[in-house]
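Line by line, the protein sequences give chains L and G.
Going letter by letter, the first sequence gives residues 1 to 543 in the working numbering.
Going letter by letter, the second sequence gives residues 1 to 543 in the working numbering.
Honestly, the hints are just simulated from the structure, not real lab data.
Even for Gly, the Cβ is constructed at its ideal location relative to N, Cα and C.
One or more of the hints may lead you astray.
[Claimed, not checked] So these bits of chain L aren't anywhere near chain G, every CB distance computed over 12 Å: (1) GLU64; (2) PRO146; (3) SER202; (4) LYS212; (5) ARG213; (6) CYS240; (7) ARG356; (8) GLU358; (9) ALA430; (10) GLY482; (11) ARG508; (12) ALA528.
[As the list claims (entries may be wrong)] To list a few chain G residues with every Cβ distance to chain L over 10 Å, as calculated: (13) ALA29; (14) MET56; (15) ALA78; (16) PRO165; (17) LEU191; (18) LEU197; (19) ALA203; (20) ALA205; (21) ALA209; (22) ALA239; (23) GLY308; (24) GLU310; (25) VAL311; (26) GLY417; (27) ALA490; (28) LEU493.
[Stated by the list, open to error] Quick look at which bits of chain L chain G covers, simulated, 3 or more residues with Cβ under 8 Å: (29) 175-186; (30) 270-282; (31) 371-385.
Protein chains: 2
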Amino acid sequence: MTEPITDPTTASNALARTGADLLCETLLAHGVDHCFANPGTSEMHFVAALDRQPRMRCVLGLAEGVVTGMADGYARMAERAACTLLHTGPGLANGLANLHNARRAHSPIVNIVGDHATDHLAYDAPLTSDIDSLARPMSHWVARSPSADGLGRLAATAVHEAHRPPGGIATLILAADHSWSSTAAAVPAPLPPPVPLPPDDSALAQAAAALKRGPGTVLLLAGRALRAEGLAIAARIAACTGARLLAPQANARVERGLGRVMIDRVPYVVDKALAMLKETTGLVLVGAKAPVGFFAYPGKPGSMLPAGCEVITAARPEEDGLAALHELAARVGAGSAADAAGAGADSAARPFFAARRELPLPSGALTAAAVAQAVVALLPDEAIVCDESVSSGREFFPMSWHAAPHDYLQITGGAIGLGIPLATGAAIAAPGRKVVALQADGSAMYTLQGLWTQARERLDVVTVIFSNRRYAILHGEYVQTGAGVPGANAKRLFDLEDPALDWVALARGLGVAAERTGTAERFNAVLAAALAQDQPFLIEAAI
Amino acid sequence: MTEPITDPTTASNALARTGADLLCETLLAHGVDHCFANPGTSEMHFVAALDRQPRMRCVLGLAEGVVTGMADGYARMAERAACTLLHTGPGLANGLANLHNARRAHSPIVNIVGDHATDHLAYDAPLTSDIDSLARPMSHWVARSPSADGLGRLAATAVHEAHRPPGGIATLILAADHSWSSTAAAVPAPLPPPVPLPPDDSALAQAAAALKRGPGTVLLLAGRALRAEGLAIAARIAACTGARLLAPQANARVERGLGRVMIDRVPYVVDKALAMLKETTGLVLVGAKAPVGFFAYPGKPGSMLPAGCEVITAARPEEDGLAALHELAARVGAGSAADAAGAGADSAARPFFAARRELPLPSGALTAAAVAQAVVALLPDEAIVCDESVSSGREFFPMSWHAAPHDYLQITGGAIGLGIPLATGAAIAAPGRKVVALQADGSAMYTLQGLWTQARERLDVVTVIFSNRRYAILHGEYVQTGAGVPGANAKRLFDLEDPALDWVALARGLGVAAERTGTAERFNAVLAAALAQDQPFLIEAAI
């Protein structure tokens, strides 16, 4: 055993080195240096360990949905795990919905969930619950602390598991007595970083053959394949074969905008998805799953593929999608891997890349489309767009192919309440980049507490609330599912009027400056001003 | 099979009668006529069924923690179950923390959790998750819909299980296709209402013997024993035997105030609890569990009882505590059951009952104690006090023995974020009674969305925010757990300053009028005015 990396004698609190210290030292030594937290009594010794480690950036969320959503946004932009600190079963439970989104995004996250001391569990004290069972549905890996000494090895494993491609949720349940007991155990050396599995050769051969058949084949990309490099290779494949490029409906992160590949998504609405895919004879998956309905609807299919469509998995999510694309490009004769970086203006794939196109600013009464238009027109270079606009923002995606280059982050698991925390975490991971959150009002209400963290951390986030004062999507879904026409009880459940939410007051109550407007001209001006400064700002777009 | 109770031909939407209709009709026929809800697409046909049943009162919560917390508050005051309507696994997950509190309170609740259509689950669509595993830790009963036809029988069982003494959480997972499929199945007849089990005779004999030993014996009451009738009998037992009366630290509902029994609680702080119980030689439990530490602390015991203390369970939570008290009173010679109703002024138990005592209004700078004093002085008759004041409100309980008669409802499971929803649900269950919510600021932030429901439903709730701008309890717990003195990271996690929360703005943003004050004189005036009207109002008490 070697000496611990951090000398406990430098601790600001003159206490013996604890299991919590070992855990915290191990997290830092293994590259985890952000802790999104909302602690309670059972986590006090871990907080004390954080106190002795000023290198660990601690970010408080005023509800656990904010905490886990921030960890997701951080992971998507930092490309590594932060840890969360959550208080027993209920604290974890509050964070599960955004962990659900994070697991669908394949975001690496290490959850530290405090539990009672091991001897105390038998008493069934008020906060006792079955944390393991709560954790498993939204985690890829769950383990309990075995002892103070064992926390180094366990933390190392948790970090490793979180980063196992394509990325996942590792939940470490930390008993209070293991946290507070002293230990001399050394910080374990980092495990070799997990690498994606190589794609299967015969699958690649099948995929290349399907791509060569041209227009009837769709190349569906997800995960890292949706960054600029992967998309550029995919564009060359498409240019060379005539195959179509598509992305899933919801994606963790897409690099898009000026100079980047214009890739469309499978639509959310079932009839539109079926129409888009109806001529498809072959589907080649790179990190993606075959498209299915977000929900089931009476009399409509669950798969969005036509009968007889061949499905070929060129790379599973845990496999190296970028390597698969390089290999497919070579096999279809779309140039060597060495060309990939240079793909763009001069390549055969040129029509796939977004060229400059001026979009005027909108005018007149503010609409959802006008909001999208203004954001596209004014978006700064290398902005990060976080989209939980639900039905109101559907026009942003097609409108923004020619916007300034940006990263586009979506809600991936359908659990609303991700948008504000996602933007918060992304801003923490990417200082110097402007974050624009496109946010539906009903969904925003789930985790509005995240605005406070934006204010406290002085984050460069502009939040645009699509204030239509309703769960607009449910009005549509009620009809789509054949439920008829919303009556009195349905309207009581779908509409956010009576009283109207005042987002300017809410934002100010949380320390974020805000303005409400119902005209496009004023929206343009307020957005431009908000983008020009580097503090959080909220615009209530009355649409 | 008999005809359904509701004639589907009267439906406002001219659709075939669905499984959701059968479910909704059964709930109504079995006494469940309140639905606290936040639905999504998979629940649209249940919403359509609600549309055809105007007798079902639908109350929207803007986050599921509000929904389940309202159902808890409703159940505590209405003494019967409401149903919740939650959207798939993440919707349930968001509501679990307050279901945890509700299960600790033994509140009957029927959760209806929508899931994908059965055929759609195999597609692992984005919102798919393991709902059963999420539900079990916080439910006493979990079942999945078997078919549209089977929903009547299943709903009847769910309602029955929720009301099985002492009350519990029944979670019914509703597949979308069972919800939307047509059915002609009849609404089943209500099952016989579940009744508490009779207490065990030999346990009662043991308990009576222990009580007769007098001062060394503590009679610890929980559940229904903490209502006026049970407390009056207990007071006679105590007067006759010299045994002490106590209640657990946290209780679902206690009837207290003028003319009622002054029963103390086991303190939250371990050293105080140990001191209170240190002379105890026998503990008689009526619906209660033996007291344990809320948390474990290094070097401190988990049980609050001294070594050698005999523990006798006179009535388990599922047994009839009131019958046990009547029987114990008879066995110790404290009068017959027939005397119970008349216990009070003329009985030997008189010193246990609160007599009138004038409390002056506070003056000077506002403190937590001044807030408690003003609330006690001004509390209207038959108010409902919902207490999630955490550390700030500890003075209210002893100060309010002589307040006007009131029901006192607490957070029972330690999962903060119950207070505002609890008050909301209690107000819905008890129209005509004033609800006063004593609310810590940090905990309030978890579910502040509940204020909007108070505004929409025009509820008679006054919320007092103890605005100390910190998780004050954690400052204490950091020291109590031996973690040392809070450093920079700890303070970042414990303090709610930078920026300060503006509760007046937050309340107004949610449609609730509000005022902030830092003086006792102004607090007295604002509280009096708020109590005099019947709309929701929030007071930010700057302490």
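Hint-by-hint comparison with the structure:
no.: 1; hint: GLU64; verdict: violated, 8 Å
no.: 2; hint: PRO146; verdict: holds, 18 Å
no.: 3; hint: SER202; verdict: holds, 25 Å
no.: 4; hint: LYS212; verdict: holds, 29 Å
no.: 5; hint: ARG213; verdict: holds, 26 Å
no.: 6; hint: CYS240; verdict: holds, 32 Å
no.: 7; hint: ARG356; verdict: holds, 34 Å
no.: 8; hint: GLU358; verdict: holds, 36 Å
no.: 9; hint: ALA430; verdict: holds, 21 Å
no.: 10; hint: GLY482; verdict: violated, 7 Å
no.: 11; hint: ARG508; verdict: violated, 5 Å
no.: 12; hint: ALA528; verdict: holds, 25 Å
no.: 13; hint: ALA29; verdict: holds, 18 Å
no.: 14; hint: MET56; verdict: violated, 7 Å
no.: 15; hint: ALA78; verdict: holds, 20 Å
no.: 16; hint: PRO165; verdict: holds, 19 Å
no.: 17; hint: LEU191; verdict: holds, 27 Å
no.: 18; hint: LEU197; verdict: holds, 20 Å
no.: 19; hint: ALA203; verdict: holds, 20 Å
no.: 20; hint: ALA205; verdict: holds, 27 Å
no.: 21; hint: ALA209; verdict: holds, 27 Å
no.: 22; hint: ALA239; verdict: holds, 31 Å
no.: 23; hint: GLY308; verdict: holds, 18 Å
no.: 24; hint: GLU310; verdict: holds, 18 Å
no.: 25; hint: VAL311; verdict: holds, 13 Å
no.: 26; hint: GLY417; verdict: violated, 7 Å
no.: 27; hint: ALA490; verdict: violated, 5 Å
no.: 28; hint: LEU493; verdict: violated, 5 Å
no.: 29; hint: 175-186; verdict: holds (count 3)
no.: 30; hint: 270-282; verdict: violated (count 0)
no.: 31; hint: 371-385; verdict: violated (count 0)
Hint check: violations occur at hints 1, 10, 11, 14, 26, 27, 28, 30, 31; the rest are consistent with the structure.
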